[in-house]
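Q: Work out the full structure, taking the sequences as your base and the hints as a guide.
Line by line, the protein sequences are chains A and B.
Position 3 of the first sequence, counting from 1, maps to 4 under the working numbering, and the rest follow consecutively.
Position 276 of the second sequence, counting from 1, maps to 346 under the working numbering, and the rest follow consecutively.
It is worth saying that the hints were derived from the structure and are not from the lab.
The structure displayed is predicted, hence computed values, not measured ones.
Ideal placement from N, C-alpha and C gives every residue a C-beta, glycine not left out.
There could be a bad hint or two in this list.
Residues on chain A that point at chain B, a partial pick, calculated with CB under 7 Å [unchecked claim]:
1. Val58
2. Thr59
3. Val62
4. Ala63
5. Gly65
6. Ser67
7. Val68
8. Tyr69
9. Gln70
10. Gln79
Non-contacting residues of chain B with respect to chain A, defined by C-beta distances greater than 10 Å in every case (computed) [unchecked claim]:
11. Arg153
12. Gly294
13. Arg298
14. Arg324
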Amino acid sequence: MTKIVEKRTVDMQIIGEWVAPRSRVLDLGCGRGALLDYLVQSKDVAAVGVDLDFARVTACVARGLSVYQGDMTGFMRQFPDRHFDRVICSRTVQELGDPAGVILEALRVGRTLTVGFVNHGFWKNRVDALVRGRKVRNDVYTTDWFESRPANPVTIADFEHFCAAKEITITRRAHLRGNWHSPCRTLPNLFAGYALYDLAK
Amino acid sequence: MTDSEENAPVGSPFAAGEVGVVTPRDFVCPRPFTFKSGQVLPGFTLRYETYGELSATRDNAILICHALSGDHHCAGVHSADDRKPGWWNNLIGPGKAVDTRRFFVVCANVLGGCVGSSGPSSLNPETGQAYGISFPFVTMLDMVRAQKLLLDHLGVTTLHGVIGGSMGGMQAMLFAIEFPGYTRRVLAMATTARESAQAIAFNEVGRQAIMQDPDWNQGNYGKGAGPRVGLAIARMMAHITYVSDASMDRKFGRRKKTTANGESYTFDVQFEVEGYLRHQGQAFINRFDANSYLYITRALDQFDLAHAYGSLESAFAPVQAESLIVGFTSDWLFPPEQNRQIALAMLRAGKRASYAELATDLGHDSFLLESEELYALIRAFLERSHIVAVDFSI
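A: So, in structure tokens, the structure goes:
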């Protein structure tokens, strides 16, 4: 349990360092608003979250956050270029129907886009698939296939290939080992459990 | 808890958690009031009710704004044997989502109304007759300004929040625009920043039903008289726009009234839904003035924030309040999209604003729904301490 709580706070620690004080931040798939609340408290940001679920939106309202219930692409289309200093897409990207569309739209409305995802190229995930021949299950993806949301697993190699193909500039990256804590400097697609990127276009 | 509260039956308006017996009061403003049209009244009256106590710091007031056919009686009952509590009694009361143990709740009948506030059925002191259609044209802004004078009279220094659904939502937004330093929270539900062509069209059919009734007589009719047929038809039609296909089908389906001869090739009431609408129409003419209906629907038609302030973003530019806009999936009078646009414009203007959408099948009147989810949202919005808004507009 402690392990999972630690994993949940990894975004807060790293994104918290990357976010400029008093900047305008949009969190796509903000959930109950824990990350945005942290950024408001620690960096005094002007925060807006987007989520699909009424109960999660209620939780954000209770935290005093601005939150919009609805589709994230439809939301972003309503804003002028560079309206936000930073858009955050943390652990959402693997569940998007049109990841390229969302990322490119986020790079239009935001000066910087932060993307965080679980690296499905991590060796344990590979072994899981190869040896067990089953859907990957770990601390983060705990459920069997039949009770999981549709997912589009992404690896560090996939993501960097996508950025190169779309001429998206990677301005900052953080690769973390399987413990999601210590930095991973060698062969990240094999040895990193979690990846965070700052992108610009 | 007192003995009487303990012994009260659950669900009765006297149970713990109920506002109980309330008495409407009149605020008489003796000073001339200039309407947006430029027309002037020598003074005006607003009938209102309050629940809860104004705090020593005078900043715990919540203003409730009613919709087209509503009035100042939004909670509690008028006497011990009054069986019909106020129209938002499910929301307002001790321990409820709008908690009268914490908040001083104020609700007034709008200017132009007919339930005690100055309107076309009021007597013109110069003629001794009802104003009729010589009453000044009323806009949403006039309604809001009159309610602000009432709040000043009550000694409210800051509004903790202003809440309204439908037309009440329009007033709530205007409060934040016109009195930005005064209004801390706006909760607007099932509303719009701009009356749409469809909504104007429905209003026009209602007005035509009234004005084509010979008893309307250019607005000149005595107390208790007037275009009863026209007003009833206007109400029957409007009522359909407040509900939905699904909710009507669930409530009435194709069920028929039991008639003596069973099958009927007549134009008498056959279906339950017909009887229900006729009842709605009849009940309405006993409590509502036809000229007020014309005035208030006209005020709705004219409501267009973008037009009035140049754009929606410039309309919301002065706002300091935190706003929460709530849309309802089955509302086809002020659909979710129109509610969404309000929150989006506020966010574009750099304001603190949220949009939540509740899945219901009850149509426009969903905002009056008894829903624990909705209560939780409203409570979350009202009970958090206020954080001063910081404007990050570029």
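Q: Each hint needs a verdict: does it hold in this structure or not?
A: Hints versus structure:
| no. | hint | verdict |
| --- | --- | --- |
| 1 | Val58 | 5 Å, holds |
| 2 | Thr59 | 5 Å, holds |
| 3 | Val62 | 5 Å, holds |
| 4 | Ala63 | 4 Å, holds |
| 5 | Gly65 | 5 Å, holds |
| 6 | Ser67 | 5 Å, holds |
| 7 | Val68 | 5 Å, holds |
| 8 | Tyr69 | 5 Å, holds |
| 9 | Gln70 | 5 Å, holds |
| 10 | Gln79 | 5 Å, holds |
| 11 | Arg153 | 33 Å, holds |
| 12 | Gly294 | 46 Å, holds |
| 13 | Arg298 | 43 Å, holds |
| 14 | Arg324 | 33 Å, holds |
This entry satisfies every hint, going by the numbered hints stated previously.
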